[in-house]
Amino acid sequence: MISLAGRDILHGWGKYMLTGVGLGLLIGVTLSMAGVYRGMVDDAQALLDNSQADLWVVQKDTLGPYAEPSNLAEDSERPIQAMRGVAQAAGVTYLTMQIAHGDEDVRVMVVGAEMGAPGLPGQPTHLVAGRHIVRGHYEAVADVKSGFAIGDRVKVRRNFYTIVGLTSRMVSSGGDPMLFLSLKDAQAAQFQKDSDAILRQRARIAASPQLNPPGNPAVSQAVKAVQSENNNVNAVLVTLSPNAQPDEVAAAIRRWQRLTVYTRAQMEEILVDKLIANSARQIAMFLVILSIVSAAIVAFIIYTMTIGKIREIAVLKLIGTRDRTIAWMILQQALGLGLIGFVVGKIAASLWAPFFPKYVLLLPADSIRGFFAVMLICTLASVLAIQAALKVDPAEAIGG
Amino acid sequence: MADGILIENVVKTYGSGDTAVHALRGVDMAVAKGEVVGLIGPSGSGKSTLLKCLGAVIEPTSGRMTIGDRCIYDNGWKVRDLRALRRDLIGFIFQAPYLIPFLDVTDNVALLPMLAGKSNAVARKEARDLLGALDVGHRAAAMPSQLSGGEQQRVAIARALINRPPVILADEPTAPLDGQRALAVVGLLNDMAQQFDTAIIIVTHDEKIIPTFKRLYNIRDGRTVEEVPGASVPEVPA
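Each protein sequence line maps, in turn, to chains L and A. Under this note's numbering, the residues of the first sequence are numbered 629 to 1028, in order. Under this note's numbering, the residues of the second sequence are numbered 731 to 968, in order.
Hints in this document: simulated from the structure, not taken from any laboratory. We put the beta carbon where it would ideally sit given N, CA and C, even for glycine. Fair warning: there could be bad hints in the mix.
Unchecked claim - Some chain L residues flagged as far from chain A (calculated, every beta-carbon gap over 10 Å): (1) Asp636; (2) Gly775; (3) Ala816; (4) Thr949; (5) Thr953; (6) Ala1001.
Unchecked claim - Between beta-carbon pairs, the in silico distance windows are: (7) Asn850/A <-> Val1011/L: 21 to 31 Å; (8) Arg635/L <-> Lys944/A: 33 to 43 Å; (9) Ala863/A <-> Gly936/L: 32 to 42 Å; (10) Asp951/L <-> Asp799/A: 25 to 35 Å; (11) Asn805/A <-> Ile920/L: 19 to 29 Å; (12) Arg909/L <-> Asn850/A: 15 to 25 Å; (13) Gly936/L <-> Lys808/A: 31 to 41 Å; (14) Arg945/A <-> Gly936/L: 22 to 32 Å; (15) Ser978/L <-> Arg810/A: 22 to 32 Å; (16) Pro992/L <-> Lys808/A: 53 to 63 Å.
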C-alpha cells in the first residue's frame, strides 16, 4: 500500500516545509527556554563546583553567602580549621557590582579569596590564560565572559587592578562572570567606606562623649581603629579530609562554633530550589504556554489541511478506504510536521544559543524529551482533524 | 434477466411522522450484465437517493437489492462490511472525476486493488494495462491536474473498472463534457460494459446521450417508469 500521507506531502511540499519551518522556530524558542533554565542550574552548580568546598560556613541563621547577606569574622576559620575532619578552611567574600570596561559597564561578581597557599577553597580554577594572583594587592583574575583581557586595568571602587589571568565557566548563580581579587583587596572593596563617610563617622565619634571622653583620646582612637577594620568575610569554605562525613563535620561546626553550615547538597538546594525557583517557575510557565501555542498551531494547520481534502476523503471512503488508513494518513502528516519542526527547532536553538546573554545549555536528554513531547503534541493536535475526517460522509462524493 | 442489478420495491423515507420525506416510494429496476441503462428524472425525483442506496452509502427503509448473485439489502438486513462491498462490487464514476490530486494517474487507478490487498507492483501493472485499454496509457505518470477533462474522466472510468466490479454507478459522468466527448464517454462505457460484463447505470440530464441508451428509467416522485428511448421524449429538466 502506498503512503497517502507521503504522496500528499510531496504534492505540496513547499507549503508543508514552510509550515514545518514556522513551527520549528516556535519549537526552537521552546527548546531555548528549557536551555535557559538548564543554564541557570548549571551556573549554580558551576558556582558550587568552582568554590571547591565541601561545606559552607555562614553567619548564623542565614542562607548565605549566595542567597542572603552573610558576615562573619575572618578569624572564624581558625577554630574551624582545627576541627576533626576539616582539611582546609578559607574565608571568602562575594560582591556583585558593575565595573567600567571601556565605554561599557560589566556586571561581575567580585570574589575575594585567600591566595596564601595554592589549592585553598575559593581560589580561581579553570585558568585558560595567564597566571594566578601572586601579589598581595592590585592583581585580578577574570572570567573570559567578562570580556576583559590579560593586562587590562579595571577599577573596583577606589583602586585599579591588573588582569593577570583568565578563567572559563567561573560565574555566579545569576550567570555574571567572576572577578577574583586577593581577600584583602576584596574586603576593602566590600567593606571600606568612602572618604566622606569616614569623615562623617569621625565627626560623630568626636562629638560623642561616650566615644570621645574628655581627657582620654585613646578611647576615640581605639573606636576609629575598630570601625576601620575590614576583616569580615561572607563565608568560610571548608574542604574535608578523606573519609570525613560532611554531615558529621557540619554538625560539629554548628554545635561548637555556633554558626550555620551547609553541605553541598543543602547549598545546591538553596541555589536551585530557592534562588532560581522563581525564574524556573517563570520559564516553566513559558514552556507550558509555548507548548499550548505549538499544539494549537499544529492542530489548526492539520485541521485546515484535512478540511481542504474533504472531497478526496469522501471519495477515498466511498471506494473502500478504511477509516484507520485515513486516520493514519492525517496522523503521519501531523507527525511529519512535528519532525520537521523539531529538526528545524533544534538547529535554530543551537545556532542562536551562543547569542543569548545568559548561558543556554541544550542537553541531549532535554532534546529527546522535547522530541517526544512534540510528537505527543502533534498526535493530540491531529485528533480534531481525524475526527473531522472520520465524520465525512462518503455520500458527499455523490451529488444530489 | 441475467445477473446484474435487481432492485425490488425499494423505499427510502427521510425522517418520520409529519416531517417524513418519501424520496423513494417503491422503485423497481433490473439491469443485466453487460448492459448500460440510463436513469433520468427531474431534480428532487430521487435519482441521487437511489444511487446512494444502490451504492451502499445509505440504507433503504425497505425493499430488496441484489448485485450479481449477492443480496446486499433485504428489508432491514444488510451486508455488514459495506466498505468492502463498495470496494469489491461497485464502481463509481462521478459528475466531476474527483481524482486524488496528490496521486499520479497510475496510482489513482491502482489504489483500489491496493486497498483490496494486492501488491503495489501487481496493482500498478493492472492499472497501466487498463489505462492503455482506455487510451490514456501515455498519461500514466501524469498528475491529475496535468490532464484534460476528457482524460480525467477516462482515468475515473479506469478507477471504476479496475476491480472488475459487477456494477458501475455513474452520476452524470458527461456533465462537464461537450457533445462529442460526452458521446465518446458513453460509447466507452458501453464498450467496457460489454468487455467486462458489467452492469452500468448512468444518471444523466444530458439530452445528447439519452438517445444512445437501449433502455431508460425515468424516475418521478420516487417511482421508476421504464421507457424506450425514441419512443417518447423523456422529460428532462433544464
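So, going through the hints one by one against the coordinates:
no.: 1; hint: Asp636; verdict: violated (4 Å)
no.: 2; hint: Gly775; verdict: holds (55 Å)
no.: 3; hint: Ala816; verdict: holds (76 Å)
no.: 4; hint: Thr949; verdict: violated (6 Å)
no.: 5; hint: Thr953; verdict: violated (8 Å)
no.: 6; hint: Ala1001; verdict: holds (29 Å)
no.: 7; hint: Asn850/A <-> Val1011/L: 21 to 31 Å; verdict: holds (30 Å)
no.: 8; hint: Arg635/L <-> Lys944/A: 33 to 43 Å; verdict: holds (41 Å)
no.: 9; hint: Ala863/A <-> Gly936/L: 32 to 42 Å; verdict: holds (33 Å)
no.: 10; hint: Asp951/L <-> Asp799/A: 25 to 35 Å; verdict: holds (29 Å)
no.: 11; hint: Asn805/A <-> Ile920/L: 19 to 29 Å; verdict: violated (53 Å)
no.: 12; hint: Arg909/L <-> Asn850/A: 15 to 25 Å; verdict: violated (54 Å)
no.: 13; hint: Gly936/L <-> Lys808/A: 31 to 41 Å; verdict: holds (33 Å)
no.: 14; hint: Arg945/A <-> Gly936/L: 22 to 32 Å; verdict: violated (41 Å)
no.: 15; hint: Ser978/L <-> Arg810/A: 22 to 32 Å; verdict: violated (55 Å)
no.: 16; hint: Pro992/L <-> Lys808/A: 53 to 63 Å; verdict: holds (56 Å)
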